[in-house]
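Okay, here's what each chain looks like letter by letter:
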Amino acid sequence: MRILLTLLVKEFKQIFRNRLMLPIIFVIPVVQMILLTYAASLEMKGISMAVVDQDYSQASRLLVSRFEGSPFFEISLTTSDYQEAVRELTRDRVDVILHMPHEFEKRLYSEKETDLQLVVNAINATEAGLVNAYCTRILFDYNTQVRAEWFGLEGAGRLTTLEMIPRYWYNPLLDYKIYMFSGILVIIVTMIGMLLTALNLVREKEMGTTEQINVTPIRKYQFLMAKLIPFMVIALFELAFGLVIGRLLFGLPIEGSLGLLFLFTCIYLFVVLGIGLFLSTISNTQQQLMFLAFFFMITFILMSGVFTPAESMPLWAQKINLVNPVAYFMKVIRMILLKGSGFRDISREFFSLCFYAMVILTLAITNYRKTT
Amino acid sequence: MVDQEHIIEVKEMVKKFGSFTANDRLTFHVEKGEIFGFLGANGAGKTTAIRILCGLSYPTSGEIMVAGHDVYREREKIKQKIGYMSQKFSLYEDLTVSENIRLYAGIYGLGRKQIASREEQLLERLGLWHIRNRLIREIPLGWKQKLAFSVAIFHQPAIVFLDEPTGGVDPVARRQFWEMIHDATEEGITVFVTTHYMDEAEYCDRVSIMVDGRIDALDTPALLKQQFESKNMNEVFLKLARR
Chain A
1 MRILLTLLVK
11 EFKQIFRNRL
21 MLPIIFVIPV
31 VQMILLTYAA
41 SLEMKGISMA
51 VVDQDYSQAS
61 RLLVSRFEGS
71 PFFEISLTTS
81 DYQEAVRELT
91 RDRVDVILHM
101 PHEFEKRLYS
111 EKETDLQLVV
121 NAINATEAGL
131 VNAYCTRILF
141 DYNTQVRAEW
151 FGLEGAGRLT
161 TLEMIPRYWY
171 NPLLDYKIYM
181 FSGILVIIVT
191 MIGMLLTALN
201 LVREKEMGTT
211 EQINVTPIRK
221 YQFLMAKLIP
231 FMVIALFELA
241 FGLVIGRLLF
251 GLPIEGSLGL
261 LFLFTCIYLF
271 VVLGIGLFLS
281 TISNTQQQLM
291 FLAFFFMITF
301 ILMSGVFTPA
311 ESMPLWAQKI
321 NLVNPVAYFM
331 KVIRMILLKG
341 SGFRDISREF
351 FSLCFYAMVI
361 LTLAITNYRK
371 TT
Chain B
1 MVDQEHIIEV
11 KEMVKKFGSF
21 TANDRLTFHV
31 EKGEIFGFLG
41 ANGAGKTTAI
51 RILCGLSYPT
61 SGEIMVAGHD
71 VYREREKIKQ
81 KIGYMSQKFS
91 LYEDLTVSEN
101 IRLYAGIYGL
111 GRKQIASREE
121 QLLERLGLWH
131 IRNRLIREIP
141 LGWKQKLAFS
151 VAIFHQPAIV
161 FLDEPTGGVD
171 PVARRQFWEM
181 IHDATEEGIT
191 VFVTTHYMDE
201 AEYCDRVSIM
211 VDGRIDALDT
221 PALLKQQFES
231 KNMNEVFLKL
241 ARR
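Top line first, the protein sequences correspond to chains A and B. Just so you know, the numbering used here puts 110 at position 110 of the first sequence, and the rest follows in order with no gaps. Just so you know, the numbering used here puts 20 at position 20 of the second sequence, and the rest follows in order with no gaps.
These are calculated hints, taken from the structure and not from any lab test. There may be inaccurate statements among the hints.
Listed next, with one range per pair, are the computed distances between beta-carbon atoms [said to hold, decoys possible]: (1) B/T60 x A/T362: 25 to 31 Å; (2) A/R17 x B/L238: 45 to 51 Å; (3) B/Q114 x A/Y38: 37 to 43 Å; (4) B/T60 x A/E311: 51 to 57 Å; (5) B/E76 x A/I34: 46 to 52 Å; (6) B/E76 x A/R344: 42 to 48 Å; (7) A/A125 x B/E76: 41 to 47 Å; (8) B/E93 x A/D92: 52 to 58 Å; (9) A/F12 x B/D205: 54 to 60 Å; (10) B/T185 x A/T362: 39 to 45 Å.
By construction, the Cβ of each residue, glycine as well, lies at the ideal position given by its N, Cα and C atoms.
Starting from the given sequences, assemble the full structure and let the hints guide the process.
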């Protein structure tokens with residue numbers, strides 16, 4: 001125990017003597033939290049629309065005014081030339097074309113139905129889906145209005161419609177930022193913890209000081225724990241720091257128990273820092289390590305469900321996520337923060353990670369070689 | 001089985017890296033309390049041998065006992081009883097003089113009071129008390145080497161292994177360094193030292209000379225000079241290397 005303490009004193013001194021360390025702990029995460037939360041938002045605002053109006057009727061103008069009134073759309077072009085609108089779409093200047101053909105209004109009256117065309121740029125499929133959904137919603141409202149105004153109550157009454165008014169649980173305002181923020185917090189805690197831990201040990205290998213350590217009677221687990229604990233403390237601090245920022249800047253809700261969240265994070269950090277240590281036992285240079293670490297981190301993070309829910313991934317991908325610690329944490333942090341889940345709700349994830357931690361730490365310790 | 005006076009006993013030690021034989025059936029012993037010089041050109045296999053004796057590297061075959069323990073089965077016990085100073089400078093550059101001493105003393109399990117009093121004694125003796133709070137990277141190489149040696153014997157090991165300890169320093173500093181080595185033997189520490197400075201061989205009680213992974217000569221400097229009809233160790237070495 002005294003030996004571990006001696007080593008911890010050494011590690012903490014070295015960490016805080018590194019001049020880049022404070023910016024890494026304080027500045028970089030804040031920048032990421034703010035930048036990524038706003039940037040990665042999936043809310044659509046200012047979708048730019050080209051209107052091709054070949055009818056110039058009251059009906060077509062009414063529809064256009066509907067889009068103008070929406071905060072989501074900006075009409076950037078109004079023309080009667082369909083080709084011109086298509087050219088704008090190809091140049092990526094507009095996201096969607098609304099095309100109302102000749103006799104739009106006339107057919108609406110005489111035939112009680114009419115055609116219009118909506119062309120959506122679907123290079124980004126998610127975005128296209130959202131644009132389509134917004135457009136459909138506006139067209140639906142327009143439809144109802146037209147019916148009420150032109151055919152009177154009689155017309156509207158004849159066609160009863162069922163309307164659904166959803167209530168969104170756990171995020172009633174559908175605030176995308178609090179969902180994003182919790183995800184980004186996971187990424188930051190993971191990256192800082194794993195990279196710093198792994199780099200630290202490999203750096204000692206590069207400097208040659210590990211050889212001096214290996215010739216002492218120090219136990220392997222003592223040495224590796226002394227490498228792990230400081231970064232665990234830093235990562236936990238990062239989580240606390242991030243929660244404060246999230247609360248102040250984005251009104252991040254903390255529905256569940258903070259104690260539970262920190263307990264779970266501890267177990268989680270044993271896993272990811274353990275992976276970092278394991279990677280550093282198999283690499284000899286910081287360069288090798290960076291390649292390995294980035295491979296794992298990027299795969300883990302992108303599969304974890306930070307942007308898209310992991311549940312909507314194909315089954316095989318969800319199977320892979322069984323060994324992805326980030327996926328567990330991504331799920332649990334949102335359950336605790338946004339839903340207020342208790343220990344029983346997350347116990348499966350909790351015990352899985354406990355097991356994972358034991359396996360990976362054992363691997364790291366046995367794989368560290370005092371004798372070659 | 002082990003002779004009480006033989007603190008290191010090596011029989012037929014072989015170390016191979018693939019098809020290359022770095023140590024070819026080395027057989028020698030080191031007596032308790034002596035300064036044993038391990039000489040040889042660069043690449044002769046000195047570092048390989050010293051790393052095996054310290055438990056940093058596995059031998060391919062051979063019987064090796066260090067401080068009464070077997071290097072195959074009791075490496076961790078050996079490590080408690082030895083000190084090691086490598087040719088690569090191995091104190092922590094971003095810790096101070098005092099922090100380095102306390103770190104290694106702590107690793108060997110010395111008590112806090114014991115560390116404090118011995119540290120003061122040591123730094124006073126070396127004349128480094130005034131720089132105890134300076135970072136290692138800020139102090140000159142000669143001081144660093146003295147300090148690295150002092151740290152290697154701070155826990156009073158039975159044997160200290162020095163792998164080319166005087167590389168890159170001036171003759172005055174080297175001389176001072178060898179005085180420190182002598183002082184250590186007076187405290188009962190056995191010294192196992194590799195070097196390629198032949199003048200340093202004169203300070204050793206016995207020397208072995210390695211050529212291409214084999215030990216070609218082993219005796220006291222005086223007897224070696226006699227045997228090879230040479231004025232100094234440098235000539236002995238050149239004659240051996242040309243054979």
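Here is how each hint holds up against the structure:
1. The beta-carbon spacing between B/T60 and A/T362, approximately 29 Å, falls within the hinted interval of 25 to 31 Å.
2. For A/R17 and B/L238, the hinted distance range of 45 to 51 Å is satisfied, since their beta carbons lie about 48 Å from each other.
3. A hinted range of 37 to 43 Å is violated for the C-beta pair B/Q114 and A/Y38, which are about 58 Å apart.
4. With their beta carbons about 55 Å apart, B/T60 and A/E311 fall inside the hinted range of 51 to 57 Å.
5. Separation of B/E76 from A/I34 is about 50 Å and conforms to the stated range, judged on CB atoms against 46 to 52 Å.
6. A C-beta distance of roughly 44 Å is found between B/E76 and A/R344, which places it inside the suggested range of 42 to 48 Å.
7. At about 60 Å, the CB distance of A/A125 to B/E76 disagrees with the hint of 41 to 47 Å.
8. Between B/E93 and A/D92, the C-beta spacing of about 53 Å keeps the proposed range 52 to 58 Å intact.
9. Distance hint for A/F12 and B/D205: a CB-CB separation of about 44 Å, inconsistent with the stated range 54 to 60 Å.
10. Our hint of 39 to 45 Å for B/T185 and A/T362 holds, since their Cβ atoms are close to 44 Å apart.
In summary, the structure is inconsistent with hints 3, 7 and 9 from the numbered list given earlier, while agreeing with the others.
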